[in-house]
Amino acid sequence: MKERILEVRGLNVDYGAGPGSVRAVRDVDLTLHRGEVLGLAGESGSGKSTLAYGMTRLLPPPGVVASGEVLYHLQDGTTVDLLRIRDAELRRLRWSEIAIVFQGAINSLNPVQRISTQLVDVIKAHSPKTSPRARQDRARELLELVGIAADRLHSYPHQLSGGMRQRVMIAMALALDPRVVVMDEPTTALDVVVQRQILRTLVDLRERLGFSVVFITHDLSLLVEFSDRIAIMYAGQVVEEAASADLYRSPLHPYSDGLLRSFPALKGEKRELTGIPGSPPDLRSMPAGCAFHPRCPRALDVCGDRVPLLGQSRDGRSVACWLHPVAVG
Amino acid sequence: MSYLLKRFGFYLLTAWAAVTINFFVPRMIPGDPVQALITKQRGQMTSESVRSLYVLFGLDKDESLASQYFSYLGQLLRGDLGLSFTFFPTPVAEVIGDGLPWTVGLVGITTVIGFLLGTAAGAVVGWRRGTWADSLIPVTTFVSSIPYFWLGLVAIALLTGPGSFFPASGAYAIGLVPNWDWQFIGSTVQHALLPAFTILVSSVSGWILSMRNMMVTVSSDDYVTVAHAKGLPERRVMLAYAARNALLPNVSGFALALGFIVGGTLLVEIVFSYPGLGLQLFQAVGAKDYPLLQGIFLIITLSVLLANLLADVAYLALDPRTRREG
Chain A
1 MKERILEVRG
11 LNVDYGAGPG
21 SVRAVRDVDL
31 TLHRGEVLGL
41 AGESGSGKST
51 LAYGMTRLLP
61 PPGVVASGEV
71 LYHLQDGTTV
81 DLLRIRDAEL
91 RRLRWSEIAI
101 VFQGAINSLN
111 PVQRISTQLV
121 DVIKAHSPKT
131 SPRARQDRAR
141 ELLELVGIAA
151 DRLHSYPHQL
161 SGGMRQRVMI
171 AMALALDPRV
181 VVMDEPTTAL
191 DVVVQRQILR
201 TLVDLRERLG
211 FSVVFITHDL
221 SLLVEFSDRI
231 AIMYAGQVVE
241 EAASADLYRS
251 PLHPYSDGLL
261 RSFPALKGEK
271 RELTGIPGSP
281 PDLRSMPAGC
291 AFHPRCPRAL
301 DVCGDRVPLL
311 GQSRDGRSVA
321 CWLHPVAVG
Chain B
1 MSYLLKRFGF
11 YLLTAWAAVT
21 INFFVPRMIP
31 GDPVQALITK
41 QRGQMTSESV
51 RSLYVLFGLD
61 KDESLASQYF
71 SYLGQLLRGD
81 LGLSFTFFPT
91 PVAEVIGDGL
101 PWTVGLVGIT
111 TVIGFLLGTA
121 AGAVVGWRRG
131 TWADSLIPVT
141 TFVSSIPYFW
151 LGLVAIALLT
161 GPGSFFPASG
171 AYAIGLVPNW
181 DWQFIGSTVQ
191 HALLPAFTIL
201 VSSVSGWILS
211 MRNMMVTVSS
221 DDYVTVAHAK
231 GLPERRVMLA
241 YAARNALLPN
251 VSGFALALGF
261 IVGGTLLVEI
271 VFSYPGLGLQ
281 LFQAVGAKDY
291 PLLQGIFLII
301 TLSVLLANLL
311 ADVAYLALDP
321 RTRREG
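Heads up: the sequence lines are chains A and B, in that order.
For the first sequence, counting from 1, position 143 maps to 143 in my numbering; every step adds exactly one.
For the second sequence, counting from 1, position 179 maps to 179 in my numbering; every step adds exactly one.
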């Protein structure tokens with residue numbers, strides 16, 4: 001078993017408080033190992049981004065983490081719960097341990113500051129003793145790392161293309177050599193060619209620098225290629241988690257199966273593209289039993305009554321589905 | 001740079017249009033200033049002096065409208081705005097020169113202070129939304145809706161009177177001669193306190209409201225979240241990321257406010273009998289003093305244009321997106 005670096009335990013995230021609140025993430029358990037790429041996939045509104053913001057304490061109001069813990073294993077062997085440490089300590093860990101590449105690359109950069117300022121200020125905030133000269137050199141080096149000419153260092157964000165801005169954001173994420181990089185739909189706003197180039201860069205960088213990645217996307221085809229393990233989310237819950245090869249070859253949950261049948265395979269046998277009929281449930285009035293059963297082509301009687309729990313099925317894979325009852329309990 | 005030149009050309013054109021309108025409108029009004037002056041002197045004028053008045057006001061009938069217009073432009077360029085009726089025979093330029101420093105000193109300084117205070121407070125209140133700071137909002141909304149001249153009247157009624165520190169009217173104690181000694185400066189400050197306070201109270205709340213709302217909007221922008229995620233010190237996120245961007249729309253509001261310094265606080269000057277441009281405008285309207293009215297309108301127009309030009313420059317300095325290459 002590889003070394004664990006980040007563990008999410010029983011995380012619940014609500015929007016709003018009291019009787020009008022909506023639970024956007026329920027009982028999520030996730031483990032990220034060292035050097036691993038963990039993919040997080042699901043439709044829009046399935047809670048992927050909320051999960052990412054919730055575990056890093058960046059959730060904007062009215063979002064609140066209702067319960068759970070996020071354990072981070074530091075290099076010196078100690079473990080901290082990100083949801084409970086003091087603000088100052090959290091600020092110290094942010095970016096130096098866990099960096100984030102956000103969904104909207106276009107708006108992730110401060111429009112009134114030069115790229116150089118924004119690259120340098122994070123270095124300055126975390127290691128104030130470095131010289132301005134060293135910080136500039138590091139910024140230059142970071143840009144070259146993601147394939148941007150160093151002379152763009154003093155550009156303003158609006159002078160760069162969308163793809164370049166996303167590269168800058170990736171460069172910024174790597175500024176402090178973090179051990180974990182969370183990527184929230186990093187390529188969504190870009191065209192397919194640029195998407196490819198950026199993913200290529202990411203794969204190379206990860207191999208060279210060895211950080212772990214939590215990769216969030218609605219594009220399962222990307223994950224199958226890029227990640228080691230995939231967790232599928234539906235209506236705020238993880239419904240299946242497996243090594244990406246296993247998931248691709250034999251998805252256990254009908255929802256994973258539906259997602260996989262939503263895009264054509266490049267290699268191998270031709271499959272029929274079916275998609276998933278219906279739309280995700282309204283989080284304010286969730287169906288009884290399994291949240292997916294109204295859309296499920298293989299629903300059993302029990303699915304409408306009881307909620308299936310995520311657990312190890314007989315062949316050792318994690319799935320929350322009555323078609324694959326959990327081995328124990 | 002070419003952008004700024006273009007703007008400058010535009011303002012020059014606008015200034016010319018304003019000057020032209022300023023020339024033609026009074027000439028379309030039935031009657032003329034000389035008639036008004038004759039009435040004022042109860043007809044006790046020789047026909048000689050009446051004719052010389054016509055020449056003096058540039059209204060001698062022999063000249064065509066076009067040549068009048070060009071000689072008017074020529075006079076303007078030399079800073080000659082004609083003669084005032086109410087302060088006859090003082091030139092309008094001199095009358096305005098007397099009033100302008102008081103208005104700019106009182107209203108100008110309070111406008112700048114109000115903007116700085118209000119914007120700083122609004123940034124803090126907006127940043128701390130959801131805390132006790134939110135309770136300031138209903139108060140500022142209420143205060144900003146109070147007309148400042150009414151506030152001035154209340155201040156005069158409550159705070160001035162025999163034996164009070166605050167004088168009720170004027171810009172300095174009667175009997176003092178304006179010069180740069182401490183006694184005069186002290187008296188000026190003492191007289192400016194109440195009017196400045198009334199302007200400040202109502203303008204500060206306006207700035208707080210607009211800055212606070214922009215801060216709330218900007219705080220949910222992605223780059224602010226990124227700044228938090230980067231673990232930057234809270235102060236830096238608030239100032240360099242949120243407030244810096246929230247400030248931009250307020251800058252144009254501030255430029256407009258600067259433009260209205262001259263014309264906008266007429267009522268405060270009337271309430272406090274403050275000898276600025278506003279009070280002069282009020283007197284000029286009452287006395288049908290067309291040259292003075294024209295002169296003051298010209299100053300108001302030019303100051304609005306100048307303020308807009310300043311706003312353009314400020315925008316170029318603050319927002320790199322407005323800078324065009326080449």
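Read the hints as simulated data drawn from the structure, not as lab findings.
Glycine included, every Cβ here is placed at the ideal spot set by N, Cα and C.
Please note that the accuracy of each hint is not assured.
From the structure, some residues in chain A lie toward chain B, with a derived Cβ separation under 10 angstroms [stated by the list, open to error]:
id	residue
1	L93
2	T117
3	A125
4	K129
5	P132
6	R133
Inset, instruction - Tell me, in ascending order, the numbers of any earlier hints that this structure violates. - result: 4, 5 and 6
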